[in-house]
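Undergrad: Sequence:
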Amino acid sequence: MGSVRTVLVFVIAAGLAVGSLAPAVPDASAQQLKKVVTFGINRAQENLDPVTQDANPDIWAFMQIYQQLVRVNVKGDGFDPDLAERWTTSADGKTWAFFLRKNARFSNGDPVKAGDVVWSLKRARDTKGPWQWALEAVQDIGARDDATVVITLREPWAPFLADVSLFSNSILSEKVFKDAKPEQISNQPLGSGPFMLVEWRKGEEIVMKANPYYYEKGLPRTPELHLRYIPDDNSRIIALQSGEIDGIDYPPFSRVAELRRDSRLEMQLNPSTAVAHLSLNVREAPLSNVKVRQALAYATDRAAIVKAVCFGYCTPATTFLPITTPYFNKGAKGYAYDPGKAQQLLKESGVPTPLTIKILYRANDAVYESTAVALKGMWAKIGVNLELEPLDRAAATQRYRSNQFQVDVTGWTNDIPDPSQLAAYELGYTESQSYHSGYQSKEMDDLMARGLRELNPDKRRQIYYQIQDLALRDSPLIWLYYAPYTIAISKKMKGLLQMATGPWIFKDVTVGE
Numbered sequence: 001m002g003s004v005r006t007v008l009v010f011v012i013a014a015g016l017a018v019g020s021l022a023p024a025v026p027d028a029s030a031q032q033l034k035k036v037v038t039f040g041i042n043r044a045q046e047n048l049d050p051v052t053q054d055a056n057p058d059i060w061a062f063m064q065i066y067q068q069l070v071r072v073n074v075k076g077d078g079f080d081p082d083l084a085e086r087w088t089t090s091a092d093g094k095t096w097a098f099f100l101r102k103n104a105r106f107s108n109g110d111p112v113k114a115g116d117v118v119w120s121l122k123r124a125r126d127t128k129g130p131w132q133w134a135l136e137a138v139q140d141i142g143a144r145d146d147a148t149v150v151i152t153l154r155e156p157w158a159p160f161l162a163d164v165s166l167f168s169n170s171i172l173s174e175k176v177f178k179d180a181k182p183e184q185i186s187n188q189p190l191g192s193g194p195f196m197l198v199e200w201r202k203g204e205e206i207v208m209k210a211n212p213y214y215y216e217k218g219l220p221r222t223p224e225l226h227l228r229y230i231p232d233d234n235s236r237i238i239a240l241q242s243g244e245i246d247g248i249d250y251p252p253f254s255r256v257a258e259l260r261r262d263s264r265l266e267m268q269l270n271p272s273t274a275v276a277h278l279s280l281n282v283r284e285a286p287l288s289n290v291k292v293r294q295a296l297a298y299a300t301d302r303a304a305i306v307k308a309v310c311f312g313y314c315t316p317a318t319t320f321l322p323i324t325t326p327y328f329n330k331g332a333k334g335y336a337y338d339p340g341k342a343q344q345l346l347k348e349s350g351v352p353t354p355l356t357i358k359i360l361y362r363a364n365d366a367v368y369e370s371t372a373v374a375l376k377g378m379w380a381k382i383g384v385n386l387e388l389e390p391l392d393r394a395a396a397t398q399r400y401r402s403n404q405f406q407v408d409v410t411g412w413t414n415d416i417p418d419p420s421q422l423a424a425y426e427l428g429y430t431e432s433q434s435y436h437s438g439y440q441s442k443e444m445d446d447l448m449a450r451g452l453r454e455l456n457p458d459k460r461r462q463i464y465y466q467i468q469d470l471a472l473r474d475s476p477l478i479w480l481y482y483a484p485y486t487i488a489i490s491k492k493m494k495g496l497l498q499m500a501t502g503p504w505i506f507k508d509v510t511v512g513e
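Here the sequence shown is numbered in full-length UniProt numbering, starting from 1 and rising by one per residue.
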């Protein structure tokens with residue numbers, strides 16, 4: 001990501017020639033509205049292939065470009081039709097038919113056909129990556145005709161509709177990408193969503209324009225969308241206050257009160273599925289010892305972290321699941337702050353103290369740095385010397401993904417309204433290696449397998465309660481707090497939505513001059 005290179009995507013197709021059937025993009029100038037919306041983001045995109053990436057900046061960007069058969073609703077608790085207008089299920093729950101919109105087109109003018117869906121989903125199922133599990137129950141994917149996709153499951157699968165809605169199951173053009181190299185799919189996305197990529201200056205800015213063939217007539221309401229990378233929080237806020245940009249993501253909690261006082265701005269704390277946590281590398285001592293992990297969990301004062309890091313805007317975490325997720329156990333107490341209990345567990349572990357442990361985090365990140373500093377003071381009380389390892393984002397990410405860390409400060413947001421995604425990514429030794437903690441448990445694997453196959457909601461709830469309890473007992477991660485999404489926008493911006501799962505919805509956005 002260090003080098004800056006430009007990826008230009010020019011849509012040159014017969015459908016875009018003079019006299020084409022493309023509907024006109026709304027004339028923003030006639031309404032005294034800006035023709036361009038510019039949104040400042042704190043992290044740059046690296047890979048826009050829905051199947052192979054696992055970072056929110058990538059996901060939230062290509063979700064403007066791609067569609068899925070069904071989409072998660074804004075509240076994050078159900079589904080809306082997307083490319084599929086409707087769907088049916090067989091009595092035994094093993095055969096699903098999805099009926100496509102007749103007017104859905106890719107941004108090059110080609111109609112979206114069932115063959116594109118079949119190719120895209122088979123690629124998602126068969127390509128090694130962090131989201132391959134999402135279609136593990138699928139036996140066959142076929143096209144009954146150009147407008148009907150039929151998916152056969154090996155067995156009834158409780159979260160199947162949620163899995164289909166996952167971003168990795170975005171629908172690509174088979175004609176464009178069938179013989180494409182991975183770099184083309186990553187760098188030159190082409191979908192049927194409201195926007196299309198026209199320019200990508202890597203490490204600087206992504207430029208999108210309205211897809212002239214988007215099936216919802218009159219949308220997007222603004223012809224052009226820019227996602228501008230401004231990593232420094234203060235610089236991002238200054239750019240917003242000066243009117244250089246129209247909105248920003250992730251203003252720090254420390255600035256919320258100030259931004260709320262600015263009469264030109266709207267400061268939003270949006271419902272989310274965000275969980276802040278620590279990933280513990282359990283592959284090697286001392287963190288391979290469960291009593292050491294439990295001791296660290298008891299030595300963590302979550303209420304103090306919420307006050308110091310979130311300025312009171314977050315909620316202490318009690319389980320690995322976000323509060324907004326189905327089957328979140330409201331009765332779970334999690335780990336109380338108890339240094340005495342922590343010291344007793346350390347003694348029982350047989351690991352001598354004082355003990356030195358290293359914590360990896362992104363440098364110049366106010367939240368991550370203050371989290372690490374707060375933990376250093378807390379853990380020192382039980383004889384643990386926490387050695388701080390701040391690294392630039394690229395280096396920290398590389399170390400984390402190669403499992404070269406002891407403790408890593410990180411976090412999660414759900415992408416589907418079902419607990420199975422986070423359970424698989426965080427507690428299952430799949431491609432993600434249990435959020436890179438290295439945690440493996442047959443007991444956990446068996447419970448998660450049952451959770452996927454149990455169709456009775458009450459019985460399924462009890463399984464996920466057991467999963468939450470077991471995760472707390474084994475503590476491969478330490479869950480810190482649940483956080484709202486922070487966004488600040490100009491009051492001239494109207495129509496922006498942020499989903500509980502994170503992605504922004506820009507198609508209804510207008511900005512007054």
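None of these hints come from the bench; they were simulated from the model. Honestly, I wouldn't trust all of these hints.
To be verified - Keeping only pairs whose Cα atoms sit at most 20 Å apart, straight-line, the calculated EDC-like set for lysine to aspartate or glutamate is: (1) Lys217 / Glu205; (2) Lys217 / Asp126; (3) Lys35 / Glu513.
Said to hold, decoys possible - Here are the computed distance ranges between Cβ atoms for each label pair: (4) Pro271 / Ala304: 18 to 26 Å; (5) Asn364 / Lys442: 55 to 63 Å; (6) Thr430 / Pro271: 22 to 30 Å; (7) Arg201 / Arg399: 44 to 52 Å; (8) Glu183 / Tyr429: 40 to 48 Å; (9) Glu443 / Arg261: 47 to 55 Å; (10) Gln344 / Glu183: 31 to 39 Å; (11) Glu443 / Arg201: 31 to 39 Å; (12) Asp392 / Arg154: 40 to 48 Å; (13) Gly243 / Gly377: 38 to 46 Å; (14) Glu443 / Ser263: 31 to 39 Å; (15) Glu431 / Leu470: 43 to 51 Å.
Here the structure is a predicted model, which is why all the values come from computation and not from measurement. A virtual CB, placed ideally from N, CA and C, is assigned to each residue, including glycine.
Undergrad: Is it true that Glu183 and Tyr429 lie within 40 to 48 Å of each other by Cβ?
TA: The hint (40 to 48 Å, Cβ to Cβ) is violated, given that Glu183 and Tyr429 are roughly 29 Å apart.
Undergrad: Just tell me: holds or violated, for the beta carbon distance of Glu443 and Arg201 against 31 to 39 Å?
TA: Roughly 49 Å apart at Cβ, these two residues miss the hinted range, so it is violated.
Undergrad: Quick one: are Glu443 and Ser263 within 31 to 39 Å, going by C-beta?
TA: This hint is violated: roughly 56 Å between Cβ atoms.
Undergrad: Could you tell me whether the CB distance from Thr430 to Pro271 stays inside 22 to 30 Å?
TA: 28 Å Cβ-Cβ, so the 22 to 30 Å window holds.
Undergrad: Return holds or violated for the Cβ distance of Arg201 and Arg399 against the range 44 to 52 Å.
TA: 27 Å, violated
Undergrad: If I claimed the Cβ atoms of Gln344 and Glu183 lie 31 to 39 Å apart, would that claim hold in this structure?
TA: 54 Å, violated
Undergrad: Could you tell me whether the CB distance from Gly243 to Gly377 stays inside 38 to 46 Å?
TA: Holds: the Cβ-Cβ distance is about 41 Å, inside 38 to 46 Å.
Undergrad: Is the hinted pair Lys35 and Glu513 satisfied, with a Cα-Cα distance of at most 20 Å?
TA: Satisfied, since the Cα-Cα distance of roughly 9 Å is no more than 20 Å.
Undergrad: Does the beta carbon distance between Glu443 and Arg261 stay inside 47 to 55 Å, or does it fall outside?
TA: Since Glu443 and Arg261 have Cβ atoms about 51 Å apart, the given range 47 to 55 Å holds.
Undergrad: Okay, Pro271 versus Ala304 on CB: inside 18 to 26 Å?
TA: Once the Cβ atoms are compared, 24 Å apart, the range 18 to 26 Å for Ala304 and Pro271 holds.
Undergrad: A range of 43 to 51 Å was offered for this pair. Does it hold for the Cβ distance of Glu431 and Leu470?
TA: Taking Cβ atoms as reference, Glu431 and Leu470 lie about 21 Å apart, which means the hint is violated.
Undergrad: At the C-beta level, are Asn364 and Lys442 separated by a distance inside 55 to 63 Å?
TA: 41 Å, violated
Hint compliance for this structure: hints 1, 2, 5, 7, 8, 10, 11, 14 and 15 are broken, all remaining hints hold.
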